[in-house]
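Can you make the complete structure from the sequences, with help from the hints?
Chain residues, written in single-letter form:
There are 2 protein chains.
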Amino acid sequence: MIVDATETDWPRIEQLAADAGSFGEQEMEALGAVWEEYILLGAEDSGYEFLVDQEGDSARGFICYGPRDLADGVHDLYYLAVDPAARRQGVGRRLLNAAEAEAREAGARMMIAESSSTRHAPGRSLCQASGYEIEAAIKDFYSVGDDLLILVKRF
Amino acid sequence: MIVDATETDWPRIEQLAADAGSFGEQEMEALGAVWEEYILLGAEDSGYEFLVDQEGDSARGFICYGPRDLADGVHDLYYLAVDPAARRQGVGRRLLNAAEAEAREAGARMMIAESSSTRHAPGRSLCQASGYEIEAAIKDFYSVGDDLLILVKRF
Numbered sequence: 001m002i003v004d005a006t007e008t009d010w011p012r013i014e015q016l017a018a019d020a021g022s023f024g025e026q027e028m029e030a031l032g033a034v035w036e037e038y039i040l041l042g043a044e045d046s047g048y049e050f051l052v053d054q055e056g057d058s059a060r061g062f063i064c065y066g067p068r069d070l071a072d073g074v075h076d077l078y079y080l081a082v083d084p085a086a087r088r089q090g091v092g093r094r095l096l097n098a099a100e101a102e103a104r105e106a107g108a109r110m111m112i113a114e115s116s117s118t119r120h121a122p123g124r125s126l127c128q129a130s131g132y133e134i135e136a137a138i139k140d141f142y143s144v145g146d147d148l149l150i151l152v153k154r155f
Numbered sequence: 001m002i003v004d005a006t007e008t009d010w011p012r013i014e015q016l017a018a019d020a021g022s023f024g025e026q027e028m029e030a031l032g033a034v035w036e037e038y039i040l041l042g043a044e045d046s047g048y049e050f051l052v053d054q055e056g057d058s059a060r061g062f063i064c065y066g067p068r069d070l071a072d073g074v075h076d077l078y079y080l081a082v083d084p085a086a087r088r089q090g091v092g093r094r095l096l097n098a099a100e101a102e103a104r105e106a107g108a109r110m111m112i113a114e115s116s117s118t119r120h121a122p123g124r125s126l127c128q129a130s131g132y133e134i135e136a137a138i139k140d141f142y143s144v145g146d147d148l149l150i151l152v153k154r155f
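First to last, the sequence lines map onto chains A and B. Just so we're aligned, residue 1 is where the first sequence starts under my numbering, counting upward by one. Just so we're aligned, residue 1 is where the second sequence starts under my numbering, counting upward by one.
Derived by calculation from the structure, the hints in this document are not laboratory data. All C-beta atoms in this analysis are idealised placements derived from N, C-alpha and C, irrespective of residue type, glycine included. Warning: the hint list may mix true and false statements.
[Unchecked claim] Residues from chain A shown here face chain B by an in silico Cβ test under 8 Å; the list is partial:
| # | residue |
| --- | --- |
| 1 | 26 |
| 2 | 74 |
| 3 | 143 |
[Said to hold, decoys possible] Straight-line distance between alpha carbons at most 16 Å, and here's what the computed EDC-like set of lysine to aspartate or glutamate pairs gives:
| # | chain 1 | residue 1 | chain 2 | residue 2 |
| --- | --- | --- | --- | --- |
| 4 | A | 139 | B | 72 |
| 5 | B | 139 | A | 72 |
| 6 | B | 139 | A | 133 |
| 7 | A | 139 | A | 114 |
| 8 | B | 139 | B | 114 |
| 9 | A | 139 | B | 133 |
| 10 | A | 139 | B | 135 |
| 11 | B | 139 | A | 135 |
Below, the structure written as structure tokens:
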């Protein structure tokens with residue numbers, strides 16, 4: 001069941017992100033900062049929404065997304081992680097569908113996922129299977145040899 | 001003379017940005033928020049640096065830039081504005097050169113300017129004359145018919 005994340009979900013979300021193995025140290029720190037804003041200010045004022053796929057007591061995956069500043073109708077997909085033990089069960093796809101549905105309801109014309117060419121392969125595969133296309137790239141963005149790939153899904 | 005902006009420069013900076021005619025309402029609001037962080041936290045902790053081209057008592061132009069989160073050696077050029085009465089005197093170019101020199105000293109491998117295809121033509125022309133190239137674009141990003149153009153200068 002996909003639900004809004006609440007305060008007690010943090011240890012599990014942090015664990016899911018770490019287990020995904022896709023996020024670097026700075027991205028893990030940034031995730032913590034984003035979570036704090038979400039909990040302190042709420043989704044609307046922080047601009048960040050967290051959803052979890054709840055199964056019994058535990059979350060099997062989470063997604064974090066929100067509207068882009070200065071653009072009209074653009075949402076960013078910031079983080080997506082699925083428990084490695086729950087892969088290939090459609091968890092990621094359900095989270096993505098739920099986030100896209102909420103974003104569209106909020107007026108999104110497109111969803112954008114910024115992705116590292118070396119680190120985010122599982123999330124990128126899922127996005128591409130779900131209709132995202134690499135529309136732009138900046139070579140050596142994250143570091144030399146690690147490009148920024150900008151995936152876009154238009155609604 | 002290019003110097004770090006100080007607290008009393010704000011009314012002039014706001015005026016320069018408004019007079020440039022390139023920035024929308026949301027961008028002007030964001031500029032105010034960025035300025036507050038710069039003044040409250042300083043350049044290093046806020047991640048924003050403001051330089052002004054000082055001529056006598058008044059600034060003829062300003063530039064705002066800073067390091068991009070989660071990337072190693074990437075600086076963003078956020079705002080650049082020159083007094084319309086002081087155009088074609090090299091003010092913009094000097095500000096850009098000074099920002100690039102400081103960014104390179106801080107380890108920047110590239111400078112990135114995100115630009116609207118409909119609103120930021122003067123700044124974009126200046127950047128392109130200064131070695132920036134449009135390396136990526138996202139159609140209809142700001143709004144339908146208003147694309148995101150990502151200009152990059154590599155050092």
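Do the hints match the structure? See the list:
no. : hint            : result
1   : 26              : holds, 5 Å
2   : 74              : holds, 6 Å
3   : 143             : holds, 5 Å
4   : A/139 <-> B/72  : holds, 13 Å
5   : B/139 <-> A/72  : holds, 13 Å
6   : B/139 <-> A/133 : holds, 13 Å
7   : A/139 <-> A/114 : holds, 13 Å
8   : B/139 <-> B/114 : holds, 13 Å
9   : A/139 <-> B/133 : holds, 13 Å
10  : A/139 <-> B/135 : holds, 9 Å
11  : B/139 <-> A/135 : holds, 9 Å
Taken one by one, the earlier hints all hold for this structure without exception.
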